[in-house]
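Take a look at the letters that make up each chain.
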Amino acid sequence: MLSHLRRWVLGPLVTLVAASFVLYTAVWLQPGNPLTLILGTRASPAQYRYMAHKLGLDRPMPVRYWDWLTNALHGNFGTSLVYKQSVTSLIGPRIVTTFLLVGYASVIILVIGVALGIIGGMSPRAAPVIAGLNGLGVAIPGFVAAEMLTAVFAVKLGWFPVLGTGQGLAGRLQHLTLPAFALAIASIAYVSQITRAAVSTEEQSPHVETARGRGLSGPRILRRHVLRNAAMPILTVSALTMASLLAGTLVVEYAFGLGGIGSLLDQSVQDKDSNVVLAIGLILVLVFVITTTALDFLQYLTDPRLRLRATAKWH
Amino acid sequence: MNTQAPSRLNGNAAEPRLLDLGGLRVELKTGGRWRTVVQGVSLNLEAAQAVGIVGESGSGKSVTARSIARLLPRGARVSGDVRFDGEPVWAMNRARLRRFRARDLGIVYQDPRAHVNEMHPIGDFLTEGIRDHSPRERRELAVAALGATGIPDADRRLRQYPHQLSGGLLQRVMIAAAILPGPRLLLADEPTTALDVTTQSEVMAILAEQRHARQLAMIFITHDLDLAAAVTDTIAVMYAGTIVETGPSATMHEAALHPYTAGLLAARPRPARVASLYTIPGRPIAAYESGPGCVFASRCAYVQQRCLQARPEPRPLGDHVVSCYRAEELQGTLQQALERA
Amino acid sequence: MALTARLPRAPALLRAEEPLVKADMVAVAAGCICIALLTVAIFAPLIAPYQPDTINAAAINQGPSAAHLLGTDSLGRDVLSRALYGARLSLLGPALVTILSTTFGTAIAIAGTWVGGAFDRLAARFMDILFAFPGLLFAVLAVVAFGAGLIAPVIALSVAYTPYIARVIRAAAVHERQLPYLETCQLLGYSSWRTAVYHLVRNVRLLIVAQATLAFGYSLLDLAGLSFIGLGVQPPSAEWGLMVSEGDSALLNGYPYESLAAGAAIVITVVAFNVLGERLTARSQSRQ
Numbered sequence: 000m001l002s003h004l005r006r007w008v009l010g011p012l013v014t015l016v017a018a019s020f021v022l023y024t025a026v027w028l029q030p031g032n033p034l035t036l037i038l039g040t041r042a043s044p045a046q047y048r049y050m051a052h053k054l055g056l057d058r059p060m061p062v063r064y065w066d067w068l069t070n071a072l073h074g075n076f077g078t079s080l081v082y083k084q085s086v087t088s089l090i091g092p093r094i095v096t097t098f099l100l101v102g103y104a105s106v107i108i109l110v111i112g113v114a115l116g117i118i119g120g121m122s123p124r125a126a127p128v129i130a131g132l133n134g135l136g137v138a139i140p141g142f143v144a145a146e147m148l149t150a151v152f153a154v155k156l157g158w159f160p161v162l163g164t165g166q167g168l169a170g171r172l173q174h175l176t177l178p179a180f181a182l183a184i185a186s187i188a189y190v191s192q193i194t195r196a197a198v199s200t201e202e203q204s205p206h207v208e209t210a211r212g213r214g215l216s217g218p219r220i221l222r223r224h225v226l227r228n229a230a231m232p233i234l235t236v237s238a239l240t241m242a243s244l245l246a247g248t249l250v251v252e253y254a255f256g257l258g259g260i261g262s263l264l265d266q267s268v269q270d271k272d273s274n275v276v277l278a279i280g281l282i283l284v285l286v287f288v289i290t291t292t293a294l295d296f297l298q299y300l301t302d303p304r305l306r307l308r309a310t311a312k313w314h
Numbered sequence: 000m001n002t003q004a005p006s007r008l009n010g011n012a013a014e015p016r017l018l019d020l021g022g023l024r025v026e027l028k029t030g031g032r033w034r035t036v037v038q039g040v041s042l043n044l045e046a047a048q049a050v051g052i053v054g055e056s057g058s059g060k061s062v063t064a065r066s067i068a069r070l071l072p073r074g075a076r077v078s079g080d081v082r083f084d085g086e087p088v089w090a091m092n093r094a095r096l097r098r099f100r101a102r103d104l105g106i107v108y109q110d111p112r113a114h115v116n117e118m119h120p121i122g123d124f125l126t127e128g129i130r131d132h133s134p135r136e137r138r139e140l141a142v143a144a145l146g147a148t149g150i151p152d153a154d155r156r157l158r159q160y161p162h163q164l165s166g167g168l169l170q171r172v173m174i175a176a177a178i179l180p181g182p183r184l185l186l187a188d189e190p191t192t193a194l195d196v197t198t199q200s201e202v203m204a205i206l207a208e209q210r211h212a213r214q215l216a217m218i219f220i221t222h223d224l225d226l227a228a229a230v231t232d233t234i235a236v237m238y239a240g241t242i243v244e245t246g247p248s249a250t251m252h253e254a255a256l257h258p259y260t261a262g263l264l265a266a267r268p269r270p271a272r273v274a275s276l277y278t279i280p281g282r283p284i285a286a287y288e289s290g291p292g293c294v295f296a297s298r299c300a301y302v303q304q305r306c307l308q309a310r311p312e313p314r315p316l317g318d319h320v321v322s323c324y325r326a327e328e329l330q331g332t333l334q335q336a337l338e339r340a
Numbered sequence: 000m001a002l003t004a005r006l007p008r009a010p011a012l013l014r015a016e017e018p019l020v021k022a023d024m025v026a027v028a029a030g031c032i033c034i035a036l037l038t039v040a041i042f043a044p045l046i047a048p049y050q051p052d053t054i055n056a057a058a059i060n061q062g063p064s065a066a067h068l069l070g071t072d073s074l075g076r077d078v079l080s081r082a083l084y085g086a087r088l089s090l091l092g093p094a095l096v097t098i099l100s101t102t103f104g105t106a107i108a109i110a111g112t113w114v115g116g117a118f119d120r121l122a123a124r125f126m127d128i129l130f131a132f133p134g135l136l137f138a139v140l141a142v143v144a145f146g147a148g149l150i151a152p153v154i155a156l157s158v159a160y161t162p163y164i165a166r167v168i169r170a171a172a173v174h175e176r177q178l179p180y181l182e183t184c185q186l187l188g189y190s191s192w193r194t195a196v197y198h199l200v201r202n203v204r205l206l207i208v209a210q211a212t213l214a215f216g217y218s219l220l221d222l223a224g225l226s227f228i229g230l231g232v233q234p235p236s237a238e239w240g241l242m243v244s245e246g247d248s249a250l251l252n253g254y255p256y257e258s259l260a261a262g263a264a265i266v267i268t269v270v271a272f273n274v275l276g277e278r279l280t281a282r283s284q285s286r287q
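Protein chains in written order, with numbering that gives the first Met the number 0: chain A, 0 to 314; chain B, 0 to 340; chain C, 0 to 287.
No wet-lab data here; the hints were simulated from the structure. Note that this is a predicted model, so its numbers are computed, not measured. Treat the hints loosely; a few may be bogus.
DEER-style ranges, computed between Cβ atoms [to be verified]:
| no. | chain 1 | residue 1 | chain 2 | residue 2 | range |
| --- | --- | --- | --- | --- | --- |
| 1 | C | Asp23 | B | Trp33 | 18 to 24 angstroms |
| 2 | A | Val151 | B | Arg76 | 45 to 51 angstroms |
| 3 | C | His174 | A | Gly131 | 29 to 35 angstroms |
| 4 | B | Thr29 | A | Leu300 | 38 to 44 angstroms |
| 5 | C | Val27 | A | Pro59 | 42 to 48 angstroms |
| 6 | A | Gly165 | B | Thr29 | 35 to 41 angstroms |
Looking from chain B toward chain A, a few residues come up when the C-beta cut is under 8 angstroms (computed) [as the list claims (entries may be wrong)]:
| no. | residue |
| --- | --- |
| 7 | Arg95 |
| 8 | Arg98 |
| 9 | Arg100 |
| 10 | Ile106 |
| 11 | Met118 |
| 12 | Thr126 |
| 13 | Glu127 |
| 14 | Leu329 |
A few chain C residues facing chain A, derived, Cβ under 7 angstroms [unchecked claim]:
| no. | residue |
| --- | --- |
| 15 | Ile128 |
| 16 | Leu129 |
| 17 | Leu136 |
| 18 | Val143 |
| 19 | Leu178 |
| 20 | Pro179 |
| 21 | Glu182 |
| 22 | Ser248 |
| 23 | Ala249 |
| 24 | Pro255 |
| 25 | Val270 |
Glycine included, each C-beta is placed from N, C-alpha and C at the ideal position.
So that you can see chain A by itself, here it is in the shape it has in the complex (with noise of 0.2 angstroms):
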């Protein structure tokens, strides 16, 4: 029982503290001054000097470290240098375009991408044309996918609108069409591809033979034998390829203008927004260690022969 505990509660906390650690060092070691954002370049130094103690800016950083930590998990991530607001009501709406976005990307991902895997693991024949568009796919990158769509389906065709997130749930999910499989592209076809080795695989293996040899139904032995013995690798590929997709945002926001995130994220750097830039930086990486754990977790409730041997170390 105290080793389950360690691997996933204690474990994934240790590295979520570490992680904000990394996130809040990386902003601390910023060039450029914080309080010329909000003073401007020509106050007097007792300015700066009174600005920065009420922001307590002049304590030790580890203290401002843990202050931050304390604060967020709260829910209170201070205000934003750049819009005078706080962190929380500019995430808030930006989130759900984002989640859209990635929810949206996932289903395309999970339903094409399995698809193809399983055709491809199952037909001899069809096997050499998936894993060459495989090939191909995961070579294209969100924004290189983004303008090639933009400039087919926007540009020449017309049906789908260049930028912007759009009105109501249709439109919405209209402007959100591009965007959604420009995302999607490489991870449909990294998908694809494990899902196809996966299959493939099990199929050929001797535990099929059997299953051959006693006279089951093609679709049976597809369900029963080799799909559920390759759910693992799938669903574990699947769940990270989700969780990745939140960096990915990162780019295609940028280049469809959708104002999720991503596309905040990016501007807060190149603004030195600090505070929003650790707060965003906070939710990717509590995202990822979150789906991580809770895939390992998941393979130790549905594969029996794990739950009775020793964890591996270095997975």
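Please build the complex by placing chains B and C on the supplied structure of chain A, with the hints as guidance.
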């Protein structure tokens, strides 16, 4: 087994035999090349008969067995006859093939760990093959099968997972699963090779017992001639994808008529012999490595010119069937050499 | 023994088919493309028809023509020349990331495998923390701390990729470690350092190269993406990610040439390196 040359000219063809292999030839594609693995295997089996196929690795014995169940890799080229109860197996449509595999055939594989899906409990594994019974019936049959193979505490075992069972126990489960649907032919592909010697004899005992109890026909594949002799009525010795000698198990392990069989017998380690162990010079070859003449010619101590030119046809000699030009004249010599060994 | 005594010289009947070490044509093709790309990057000044930053107000946003094989951008600069020169900055970053992450990743993996114990556990813990950061985020943080450009993201990505490479190498090294020949070396008195570096590395060297080529492709994607959003290489330098971004307004007006050319360059490069990396990985595994 019919000890005459396997032609269909003799005797009554009124009752089809349980299993009839005629001139089976199998080519597999490996590494981009087509390779013949089985060349001209003819074998037949009556109900409740057991034949052992003995050969070294590469002899094509496993592929022969899998050809009966049509469990070859995709795109394998197969020619010749495979008939079960007179019906050609390779002409069956998918539904008929599934029924054939489910009801008439039982297969026990060499490595139970690899051949049993680790994700499902034993109970599921056992009852998977008999979906057309009610859940209660399925459970009862599963429990009965476990009992038949000497596994106590069936209730607990049904809920356990494969990795919780030892190799020997898992192999017994595999046998139980194979005999559960009441098949008429059991294919056992080296069922005890992966087990230690003690477990080996236990599993062999169960196989023999179940075979007699259910009047099962069996094809027992192994590299161990003595093992085959223990559970079968007839033994067929395979080399380089073809059968070189067939004969009754009772006498085969003492008196061999083919130089290769004699070599196998001589190569068995015996506690009394202190001198060095005999081995047949050279290495066993696969079908595609053999030339136009006799498959064993390259390693045979008694090879002559005619052996290299054309392949000897199987001929009856006593109660054996041998594929060797010199079988008659070598009878005495082989016997002497064996006794001196 | 009668049987052996009577054995004559066996005629050579065996048509033994020896497995040939076939050259993998696809891998060779991919390798050629990789070398070609590196060559273009080095010799760009000799190949490019124009200077990359020559502005020509009269030739804005033109399609492919005899004078400009890939058209011009919104400042009238020749797209082909920019793409060729752009190979330098576009490939330099990934090259640095590859060298650094491969070196450190391999070193940590080998050291962890050989030394074991507390060092290994500590390294594992450290890697775990690094795994929490998607590579791009790490690069963004580096830009925050040290400013935009090439250096900060390169170092950040090198750090971010190290655990992935280390994990793969370590798995292979652990497998090698338990093979008896290493113990024999130790017993024969070879110094520990020499044994570890020479033999372990030598046997996983194909895997190391394979991982390196994969790292090259992925770091190119990350770095180009960073330049795209303005946090990497800055204008007026020629870099493929930057070119995709700069070509955006032209694209919206129906002139996608700059974005297309730069995008194609990226995709082709990554495909070539990925294919090479995957083939090498497969080959290294088949040897084991």
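Taking the hints in turn, this is what the structure says about them:
Distance hint check for Asp23/C and Trp33/B: the Cβ-Cβ separation is about 21 angstroms, which falls inside the suggested range of 18 to 24 angstroms. For Val151/A and Arg76/B, the Cβ-Cβ distance of about 46 angstroms falls inside the hinted range of 45 to 51 angstroms, so the restraint holds. For His174/C and Gly131/A, the Cβ-Cβ distance of about 31 angstroms falls inside the hinted range of 29 to 35 angstroms, so the restraint holds. Judged by the Cβ atoms, the range 38 to 44 angstroms given for Thr29/B and Leu300/A holds: they are separated by roughly 40 angstroms.
For the pair Val27/C and Pro59/A, the beta carbons lie near 59 angstroms from each other, so the given range of 42 to 48 angstroms is not met. Distance hint check: the CB atoms of Gly165/A and Thr29/B are about 57 angstroms apart, inconsistent with the given range 35 to 41 angstroms. This hint is violated: Arg95/B has a C-beta 10 angstroms from the nearest C-beta of chain A, more than the 8 angstroms allowed. Taking 8 angstroms as the C-beta cut-off, the interface hint given for Arg98/B holds, the closest approach to chain A being about 6 angstroms.
The interface hint given for Arg100/B is met, as the beta carbon of that residue sits about 4 angstroms from the closest beta carbon of chain A, less than 8 angstroms. The criterion of a C-beta within 8 angstroms of any C-beta in chain A is met by Ile106/B, whose closest approach is roughly 5 angstroms, and the hint holds. The beta carbon of Met118/B comes within 6 angstroms of a beta carbon in chain A, closer than 8 angstroms, and the hint placing it at the interface holds. At a threshold of 8 angstroms, the smallest CB-CB gap from Thr126/B to chain A is about 11 angstroms, leaving the interface hint violated.
With a cut of 8 angstroms, the hint placing Glu127/B at the interface with chain A holds, because the nearest CB-to-CB distance is about 7 angstroms. Hint on Leu329/B is violated. Least Cβ distance to chain A is approximately 40 angstroms, over the 8 angstroms limit. With its C-beta approaching chain A no nearer than about 5 angstroms, Ile128/C sits inside the 7 angstroms limit, and its interface hint holds. The interface hint given for Leu129/C is violated, since its Cβ lies 9 angstroms from the closest Cβ of chain A, which is over the 7 angstroms cut-off.
For Leu136/C, the interface hint holds, the least distance from its beta-carbon to any beta-carbon of chain A being 5 angstroms, beneath 7 angstroms. Because the smallest distance between the Cβ of Val143/C and any Cβ of chain A comes to about 5 angstroms, under 7 angstroms, the interface hint for this residue holds. Violation of the interface hint for Leu178/C is found here, the shortest Cβ-Cβ separation to chain A being roughly 20 angstroms, above the 7 angstroms cut-off. For Pro179/C, the interface hint is violated, the least distance from its beta-carbon to any beta-carbon of chain A being 23 angstroms, above 7 angstroms.
Because the closest C-beta pair between Glu182/C and chain A is about 22 angstroms apart, greater than 7 angstroms, the hint is violated. Restraint check, Ser248/C versus chain A: the minimum CB separation of about 11 angstroms is more than 7 angstroms; hint violated. Proximity of Ala249/C to chain A is violated relative to the hint, the smallest CB-CB distance being about 10 angstroms (cut-off 7 angstroms). For Pro255/C, the shortest C-beta to C-beta distance to chain A is roughly 4 angstroms, which falls under 7 angstroms, so the interface hint holds.
Taking 7 angstroms as the C-beta cut-off, the interface hint given for Val270/C holds, the closest approach to chain A being about 4 angstroms.
The earlier numbered hints that this structure contradicts are 5, 6, 7, 12, 14, 16, 19, 20, 21, 22 and 23.
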